[in-house]
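Trainee: Here is what each chain is made of, one letter per residue.
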Amino acid sequence: MVDRISTLQIFQSGVSTILARQEELARTQQELAAGRSILSPEDDPAGAIQILDIEEDLRQVDQFQRNSNLAESQLSLEDTTLSNVVSVLQRVRELTVQANNATSGPEQRAAIAQEIDIRLDELLDLANTRDANDEFIFAGFQATSQPFTRSGDSVNYSGDDGQRFLQIAAGSQVAVRDSGSRVFLAVPAGNGSFDFSVSGNSGNVVVDSATATTGFVRDEYTINFIQALPTDPITYEVVDSGATVVASGNFQSGEAITFAGATVVLDGEPDDGDSVEIEATANQSIFETVSEIVQTLRSSTGEEANNAEVNNALASGLLNLDQAIGNVVEVQAEIGARLNRIDSQQEINSEFNLQLQTALSNVQDLDYAEAISRLNLQLVALQAAQQTFVQTQRLSLFDFIR
Amino acid sequence: MLASSDTGLGPVLDNFFAAVQDVANNPGSIPERQVLIGQGQVLAERFSFLDERLSAFDREVNQRLTDSVSQINALAQNIANLNEQIVDARQTGFEPNDLLDTRDQVVLELAELVGVTTVEQDDGALNIFIGNGQSLVIGNSASQLEAFSDPNNVSRTNVGIAGVSNPTDIGRFLSGGELGAALQFRNSVVDPARAQLGLIAVGVTDTFNAQQALGLDLNGDLGGDFFQSIEPTVAGAAQNTGAGIITASIDDVSQLTGASYTISFDGTDYTITNNDTNASQTGAGPNFTVDGVAISVGTAPAAGDSFLIEPVTTAAGLFSVELSDPRLIAAASPVRSSASIANAGSGELENLSVNGTAGLPLAGTVTLTFNPDALGAGIPGFDVVGIGGGPIAFDPSTDSGGVSATLGDFSFELSGVPVDGDSFTIQNNLDGSGDNRNALALAGIQREPNLLGGTASFQDAYATIVGDVAVRGQQASSLASTESALLDQARAARNGAQGVNLDEEAANLLRYQQAYSAAAQVIAVADEVFQVLLNATSR
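For the record, the sequence lines run as chains A and B. Numbering of the first sequence is given in this note's numbering, commencing with residue 11 and proceeding in unit increments. Numbering of the second sequence is given in this note's numbering, commencing with residue 29 and proceeding in unit increments.
These aren't lab readings, by the way, just hints derived from the structure by calculation. We put the beta carbon where it would ideally sit given N, CA and C, even for glycine. Be a bit skeptical, because a hint or two may be false.
Label pairs and their calculated CB-CB ranges [stated by the list, open to error]: (1) Ser209(A) with Gly252(B): 55 to 61 Å; (2) Glu350(B) with Ser50(A): 33 to 39 Å; (3) Glu378(B) with Ser219(A): 32 to 38 Å.
Covered stretches of chain B (chain A as the covering partner; in silico rule of three or more C-beta atoms under 8 Å from a C-beta of chain A) [to be verified]: (4) 229-236; (5) 358-369; (6) 450-464; (7) 477-491; (8) 495-503; (9) 534-545.
Assemble the whole structure, with the sequences as input and the hints as a guide.
Mentor: What follows is the structure, encoded as structure tokens:
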């Protein structure tokens, strides 16, 4: 504070005050016109960085939503295809049950075999489904080559185990395809632990049921039937692949035979020397299962021993079909879970988008109420500065000296 | 410019990585790949634009320096002349007020160009100092400043004292005025921004190319460079006498700091100095690594020679797309794994990934077979055929939740409960056009902290540039308003001391008028008295 004000000083300080008020007013006006409180990064460096980050996040969330929509449509296609596969397999099952009926003769069985063969081709077509981009969806990574080809009675898979994943969120990927091997090939046969077969028997023993516990010891077993003399009771002996006897006893039709964690119920009358093979299973493709049923039906001659063989084979086939249906349904369940995940991720993404928009607005958008009242205040201040300037400029002692 | 969505780098970088995601969504399709190459070119254009704008600022600073220096020289000479005149005038007894005023005015003009301190000599001469004690005017002689090209970097203008054959750069001592402001702008805004931008350019190039190399393109070959590799620029100093050849390359992008380096040779040892921190290391060479830059001396230079190594400064301008054939984008992974269909257990081999390409393509299939006695009697694991590194220990009773394993450059996860004889294979991913694993990895680069010692992603580094420039801008603004307020105060004080107040003068005028009237009245009275006396004494 100086204690002496020169005339020049009065003028200069008046002018600089007016200029300062004008500058503030211009700034407020710019903010109102742009609708932003941050006009350039130097207004709020921390805010400017925040804006950059938020805008990047918004663009990413947008991309993730696009990716999820694509994932949804791809999984829907797979799901629909698999539903069709299940329908076909269930039709095959119906036909198999029909064929297994005692009243079916070789001609009926041959006709059923023909229809099932057509169903096999239908399954093949479904397994070779292509998506909108003309890629085979069950081929693993080799999506431009047809994965399943039929030659004669066997179907070959030339694809691989690959699965495609899409990024639906920053740390989250979801599978949008399953390989042909997963869906059609990796199906456990029999009851999941072992399968049974009968051939070359003269008696008519059939397998009624075959179950396994978790303690099942994987191996090849043979149930041999012994009747030394026609008057002796029929006994059975179960031997493993090392010819060790693991179970034995008198044979009773309809009674359970248990050994090494397996329980088998046999019906009918075996002859001396008949046998039932029990084999620990690996996987069997759906096509193989269906094809086997067709071949079994075609081998039907109508003779009693042959009938028993056919019945056993069809019973085994039904178990295999159930496994096949179960496998496909399991994949469908996984697809359902993935679709749920995508749904909830889309909701999260959408929620996140909203939060980001809100945050962005808070950082950079103008509070109109505050800005307008500030504008009015500054207008008043400028007016006051201008008016007082004019009035004080006019005052001079010279006016009063005569 | 840096923060705007129209001209900034952020949106363009995001669009590029969005295009990578689209390729990951549909890896076998050509249109998405074409779009990715296009976005790469847009990114290159944006880098180039920003680098050009920053270079333009750099050139503007050079021009300002040159102009300011010639103005300063003229003013300094002027002050020296005035000093001489003032000293002469004082010696003859005059107080040369006009000359003093003129000299004050010239010093004011000089102060607008560069910060000065003044010391008045006893004989009236004013000595002018700049920087940290560098004399500009002593008495009647003025030193001259010179704007010269930095011998290590021809595109840079420095300020030094004229008249020496190898002028030293005094720029870091000068502050204030236009000259000081230009130097500060260059040092703390333009140079760091350009270096960080270059760092991002090198980071994107290196990490993207490295991931491309780990993948397979649509032709079944390992991926080549997507962006043109950016080499650090090496320039010999203008006064080098030898014919040394020094090359540099980027060894580890995450270690780069954005600084440039000077390597000098004293005849036996090389000294590498970080031009930002002045930290140095000495060694006999011929190979050195500093902050992720590998430097190697091909031909030794002469003693006294030095070279400037700039790993990132020019990188943004050099950034460009190398690839033009969309089929060459490596979206697939080079290998795939399979479980044998005959497997009876629930074992799984998953998350196969490739960390290096030695041994690719595989000569044959690699097979892992579960064997309860793989590592010796009763120690279960997987026997490995087709590649070294086996057998791998795996105990289904404890490891079924998943364990990581490596074989050569592959890593994967083993889990579940396999049974004796179950096997898995790893093979070349032939015809795997539906595979998008490498594309997902390429997209993942966007968020990874690849820069600055693994602490910053590309967006973080860019935000730092924007933030730094913004803070500087804010500082400059507030400094300007502070200085402006100080200037007002100084002017007020000066005006208070010397300025005229008209009302005060009017009041004084009245006072003098009244005094004059009063004095005139006294004379009138004296005259009357004298008249009376004269009349009284005359007959």
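Trainee: Now tell me if each hint is right for this structure.
Mentor: Okay, the hints, checked on the actual structure:
Here the CB-CB span from Ser209(A) to Gly252(B) is close to 59 Å, well matched to the stated 55 to 61 Å. Separation of Glu350(B) from Ser50(A) is about 36 Å and conforms to the stated range, judged on CB atoms against 33 to 39 Å. For Glu378(B) and Ser219(A), the hinted distance range of 32 to 38 Å is satisfied, since their beta carbons lie about 36 Å from each other. Using a Cβ-Cβ cut-off of 8 Å, 0 residues of the segment 229-236 of chain B lie near chain A, which falls short of the minimum of three, so the contact claim is violated.
Here the segment 358-369 of chain B counts 6 residues with a CB under 8 Å from a CB of chain A, which clears the bar of 3, and the coverage holds. For the segment 450-464 of chain B, the stated coverage by chain A holds: 8 residues have a C-beta nearer than 8 Å to a C-beta of that chain, and at least 3 were required. For the segment 477-491 of chain B, the proposed coverage by chain A is satisfied: 3 residues have a C-beta within less than 8 Å of a C-beta in that chain, meeting the threshold of three. Against chain A, the segment 495-503 of chain B contributes 7 residues with a C-beta closer than 8 Å to a partner C-beta. That satisfies the three-residue criterion, and the hint holds.
Counting residues of the segment 534-545 of chain B whose CB lies closer than 8 Å to any CB of chain A gives 4, which reaches the minimum of 3, so the coverage claim holds.
In the structure shown, a violation is registered for the earlier hint numbered 4 alone.
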